[in-house]
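Start from chain A and add chain B according to the hints.
Protein chains: 2
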Amino acid sequence: MNDTFLKACRGEKINYTPVWMMRQAGRYLPEYQEVRSKLTFLELCKTPELAAEVTIQPVDILGVDAAILFSDILIPLEAMGLILEFHEKIGPVFPDPVRDQKAVDRLIIPSPDEHLNFVLETIRILRRELEHKVPLIGFAGAPFTLATYLIEGGSSKFFFETKKMMFSNPELYSGLLEKITACTSLYLKAQAAAGAQALQIFDSWAGILAPVDFERFALPYVKRIIADLRQSTDVPIIYFANNGATLLELSKTSGADVLGLDWRVDIAKAVEHIGPDISVQGNLDPIALLLPEKELRARVAKILEGGRKARGHICNLGHGIHQFTPPAKAKIFIEAVHELSGKGS
Amino acid sequence: MNDTFLKACRGEKINYTPVWMMRQAGRYLPEYQEVRSKLTFLELCKTPELAAEVTIQPVDILGVDAAILFSDILIPLEAMGLILEFHEKIGPVFPDPVRDQKAVDRLIIPSPDEHLNFVLETIRILRRELEHKVPLIGFAGAPFTLATYLIEGGSSKFFFETKKMMFSNPELYSGLLEKITACTSLYLKAQAAAGAQALQIFDSWAGILAPVDFERFALPYVKRIIADLRQSTDVPIIYFANNGATLLELSKTSGADVLGLDWRVDIAKAVEHIGPDISVQGNLDPIALLLPEKELRARVAKILEGGRKARGHICNLGHGIHQFTPPAKAKIFIEAVHELSGKGS
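Chains as they are written, first to last, in my numbering: chain A, 1119 to 1463; chain B, 1119 to 1463.
Chain A extracted, bound-state conformation (with noise of 0.2 Å):
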């Protein structure tokens, strides 16, 4: 199996730089098109044998050097006993958001092997058909992060009915930040189990947080969760903080033994910052794979410079990658990487 990914994760010798993209099973693909034409996006998270052919198509068109479970960072929200919709050009809508104390008392913490046993079951088909290639990342959503959805009941601009809870009524967010982050640890340990050999936390809404409200409203339940899962597991933990270059300091503090990056920091000056005991993921702007090769080459360059100092250097997108960019640019990109940081010199 080509390791480069876990070694770049630990820190330890590798020859080249590995690269994967975050949703890189998706939209921009036609080969996930044509599977997803037959059922809806949720419907394809709870198929294991559907979702697990989605996440394996990068690796063997783009040839990425790892490979993500394809689900959502939803899904175990609904187990927790919520209805959960996806609507066309919306996104997530939670038709009954959870704002009050009964609506928090409600919630379950769901078995994973019980209620979630559909991506533990997709985690180990995975990992039989990725024996000879790549490491699987499982994955789960930060409870800030997750919260946010659950409070506004979907996605939001301002997140105001979050920051409300957050400021006027702490014992309530507090209540409803405990039950989620006892799911997501339980969630992350069952994927661990089931096989995932790196799990990556995504806090796509840190970056709306002031770092003193990150500081005593997110972090501590990161914190929480990493340290829980080191009791059980010595997997890889990734850290994204989306939009976080002011809270990078505080992320290193929970614990991750590597933190994403977004496009919005430039990576040399984010790795002279936190220093060179941490790995870094990172951070190209999506959309900047519209540039001509020769520039976005140069800008891969650049990016693998930055991530030299670092302990290691996972070379990714700052973001999810665009349903519109053109799968021919993902592979220059993918190429670029690996020919730039010397694979096969």
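Worth flagging that the hints you see were computed from the coordinates, not collected in a lab.
All values derive from a computational prediction rather than experimental measurement.
Do not take every clue at face value.
Which copy? The list can't say, so a pair holds if one copy fits it or any two copies do.
[Said to hold, decoys possible] Listed next, the in silico BS3-like pairs over lysine-lysine satisfying Cα-Cα at most 27 Å (straight line):
hint	residue 1	residue 2
1	Lys1341	Lys1387
2	Lys1447	Lys1275
3	Lys1427	Lys1387
4	Lys1275	Lys1207
5	Lys1341	Lys1420
6	Lys1341	Lys1370
7	Lys1307	Lys1341
8	Lys1420	Lys1282
9	Lys1207	Lys1447
10	Lys1251	Lys1447
11	Lys1370	Lys1387
12	Lys1282	Lys1412
13	Lys1297	Lys1282
14	Lys1131	Lys1251
15	Lys1420	Lys1370
16	Lys1341	Lys1297
17	Lys1461	Lys1220
18	Lys1131	Lys1387
19	Lys1307	Lys1251
20	Lys1449	Lys1275
21	Lys1282	Lys1449
22	Lys1461	Lys1427
23	Lys1447	Lys1282
Below, chain B alone, put in the same frame as chain A:
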């Protein structure tokens, strides 16, 4: 006139920290809702007597140290020959997005006196009515931010079309930006000539750009406008690159007197980073106004402390006040800034 705000912009000695709030003339005020109920948003922008009335409301009701012209950054784009609509819940819409050379060629560079006289008239009324009160801030959108609306046809989540044009057709992009820059330059000069005593340039979407792209695709146009303004006016200029934590060093080279800081930044660290030779404005999370009074005051104290090492500090929110904010909370904020920074003591 209370000129504390202007002095803080210029870094002159003051006895207390001036404060105003972005979007202070807005929907959270019942007095604004009352005026607004009689006409559409765009009509209100174009009716000088009423636009002046709502501009003054927060000065009288909350005791802020500066008034900001009631208008919208998209107003001059309409004058460039485009149809602009405001839809409830969606926001601004340009039904004919600007995505090719023909559309760029069709744009006119409006004469402010002729096409935007209603704005200048509002400013003239305001200067008379604010004579013994506070200074008046005029404003415009930064060219990059304005371009995103034209290219996307409104607001956006990923700004795919904007970045696509930047990355794959930079000549088309720069042609469009040149025209918007010329328009904005004339518009701000006319505002100063009509009586605006400070000018703020809102780069609301600068934060979607990697530093390397901000430097190439956004900053040069801001620099040009500021250099151009310096030829004809000495009013202080505030540049606010929203979500711009990683753009501060570059923003400082814009030539502005004051840099606006959004709430994601720790103001003390930002000041340390950019140095003591420029003023700063900000930066409470607008929704943190919902904190209990004691905590809100503590947070204000921390922001004031952070701002103390800057050349000058104008206290403000880190973004526009949210429409569901109780006006009483805004009042606590304004009073806390004054009291904790030594007004009247």
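_Up to 27 Å CA-CA - Lys1420 versus Lys1341, copy category_ = between (32 Å within a copy, 26 Å between copies)
*If the cutoff is 27 Å on CA atoms, where do Lys1461 and Lys1220 land: within, between, both or neither? Let me know, please.*
neither (56 Å within a copy, 46 Å between copies)
_27 Å Cα threshold - placement of Lys1449 relative to Lys1282_ = Result: close only across copies, 18 Å inter versus 44 Å intra.
*Under a CA distance limit of 27 Å, which applies to Lys1341 and Lys1297: within one copy, between copies, both, or neither?*
Within one copy only: 15 Å inside, 50 Å across.
*Taking 27 Å as the upper bound on the Cα-Cα distance, should Lys1251 and Lys1447 be classified as within, between, both, or neither?*
Answer is within: at 23 Å inside a copy they meet the 27 Å cutoff, but 58 Å across does not.
*Within, between, both or neither, where Lys1420 and Lys1370 count as close if Cα-Cα is 27 Å or less*: Cα proximity of Lys1420 and Lys1370: in one copy and across copies (23 Å, 24 Å).
*What label fits Lys1297 with Lys1282 when the C-alpha limit is 27 Å: within, between, both, or neither?*
Within one copy only: 19 Å inside, 42 Å across.
*For Lys1307 vs Lys1251, is the C-alpha pair at or below 27 Å within one copy, between two copies, both, or neither?*
within (23 Å within a copy, 62 Å between copies)
_My question is about Lys1461 and Lys1427: at a cut-off of 27 Å on alpha-carbon distance, are they close within one copy, between copies, both, or neither?_
within (18 Å within a copy, 49 Å between copies)
*Within a copy, between copies, both or neither: where do Lys1341 and Lys1370 come within 27 Å Cα-Cα?*
within (10 Å within a copy, 36 Å between copies)
*Intra/inter-copy verdict for Lys1420 and Lys1282 if alpha-carbon distance must be at most 27 Å*: between (41 Å within a copy, 21 Å between copies)
*Can you give me the call for Lys1131 and Lys1251, within, between, both or neither, at a CA distance of at most 27 Å?*
This pair counts as within: shortest intra-copy Cα distance 19 Å, inter-copy 66 Å.
In this structure, only the earlier hint numbered 17 is contradicted, and the remaining ones agree with it.
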